[in-house]
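One-letter residues, chain by chain:
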Amino acid sequence: MRLLLVTFSLRNPDKDYSSFFVSIRGNALNWWHYIEQTCVVSTEKDADAYAHLLYPHLEATDSLLVVEIQPRQFQGWLPPAAWEWLNSTSERISPTTSPLATFLKLPPPPKLMK
Amino acid sequence: MIVAQTPTGDATWVEKWSQRVLSWFSQREVKTPLAFYFRLTGAVVVIVLAALYLCPAEQRLRIFEIAIGTVAGLAIIVALFAWLNIKNLVYGESGHRAESKLKFGSDKGEVSAAQLTTTPGTTNPSIPSSQTATSALPSDGGTQ
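Chains as they are written, first to last, in the working numbering: chain S, 1 to 114; chain V, 1 to 144.
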């Protein structure tokens with residue numbers, strides 16, 4: 001699973017971009033939208049494949065950028081709920097603890113004395 | 001609105017009225033059911049006035065009754081809309097576009113734009129920052 005940053009500029013005020021937004025959500029496992037014209041999605045697709053799914057809903061003068069984000073490699077200023085989503089999704093993509101330890105809730109191993 | 005003018009600069013009354021009639025059909029575009037019913041009352045008035053002018057005198061009372069019935073019917077339709085689902089009465093193109101936009105929030109829960117503007121932000125709590133969160137903001141004396 002990957003974390004993709006999707007940022008776009010839809011410039012035709014007469015066009016109905018509903019299908020574009022439907023496509024963003026429909027092709028993502030999870031989605032995040034706390035900043036205008038910017039989404040973060042979790043998906044199995046890479047940036048190129050995901051961008052290709054959105055092209056049919058754009059016009060020639062619109063803009064779209066899809067970039068893969070490395071889990072936990074982000075910082076900024078956002079509402080707590082937005083950070084909670086980003087951090088929990090990062091944890092699912094790249095767990096810091098083993099799934100078995102999480103399941104059993106085992107304490108971390110003691111440090112060896114030198 | 002562009003009004004055709006005579007060489008002397010004054011628009012004739014025919015031009016003024018034709019522009020007014022044309023704008024009634026073009027510029028004041030109906031975008032909601034409420035606007036449509038409002039426009040319909042104007043059309044009913046015009047039709048009734050024409051009918052009263054054209055028909056024999058003995059039928060004028062009948063036309064008046066039909067007009068009253070039509071206006072009452074429209075009032076009932078609008079009242080039913082307002083009572084059962086008032087949103088449909090003023091639902092139009094702009095409302096539909098706003099609904100079809102991507103909502104703020106995430107798949108875990110949507111938040112309104114108003115809710116978002118009142119929620120204070122923070123830095124990522126899982127990453128310990130070298131600066132305190134608020135001192136990093138330019139408005140609080142931080143550097144850009």
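Since the hints were made in silico from the structure, they are not lab data. Computed from a predicted structure; not experimentally measured. Misleading hints may appear alongside valid ones.
As the list claims (entries may be wrong) - Residues of chain V clear of chain S, computed beta-carbon distances all greater than 12 Å:
(1) S18
(2) A35
(3) V46
(4) V48
(5) P56
(6) T70
(7) I86
Said to hold, decoys possible - As a list, the in silico DSBU-like pairs of lysine-lysine whose alpha-carbon atoms are at most 30 Å apart:
(8) S:K15 with V:K103
(9) S:K15 with V:K108
(10) V:K87 with S:K45
(11) V:K101 with V:K31
(12) S:K15 with V:K31
(13) V:K101 with S:K45
(14) V:K31 with V:K108
(15) V:K16 with S:K45
(16) S:K15 with V:K101
For each residue, glycine too, the CB sits at the ideal point set by N, CA and C.
Going down the list of hints, with the structure as the test:
1. S18: holds, 28 Å
2. A35: The assertion about A35 of chain V holds, with a minimum of 20 Å to chain S.
3. V46: holds, 32 Å
4. V48: holds, 38 Å
5. P56: holds, 51 Å
6. T70: Consistent with the label, T70 of chain V stays out of reach of chain S, its closest Cβ about 35 Å off (over 12 Å).
7. I86: holds, 24 Å
8. S:K15 with V:K103: With Cα atoms ~18 Å apart, K15 of chain S and K103 of chain V stay inside 30 Å; holds.
9. S:K15 with V:K108: It holds: about 29 Å lies between the C-alpha atoms, which stays within 30 Å.
10. V:K87 with S:K45: violated, 40 Å
11. V:K101 with V:K31: holds, 19 Å
12. S:K15 with V:K31: holds, 17 Å
13. V:K101 with S:K45: holds, 23 Å
14. V:K31 with V:K108: violated, 34 Å
15. V:K16 with S:K45: Violated, because 61 Å separates the two Cα atoms, which is more than 30 Å.
16. S:K15 with V:K101: Between K15 of chain S and K101 of chain V the Cα gap is close to 12 Å, so the pair holds against 30 Å.
Of the numbered hints listed earlier, those contradicted by the structure are 10, 14, 15.
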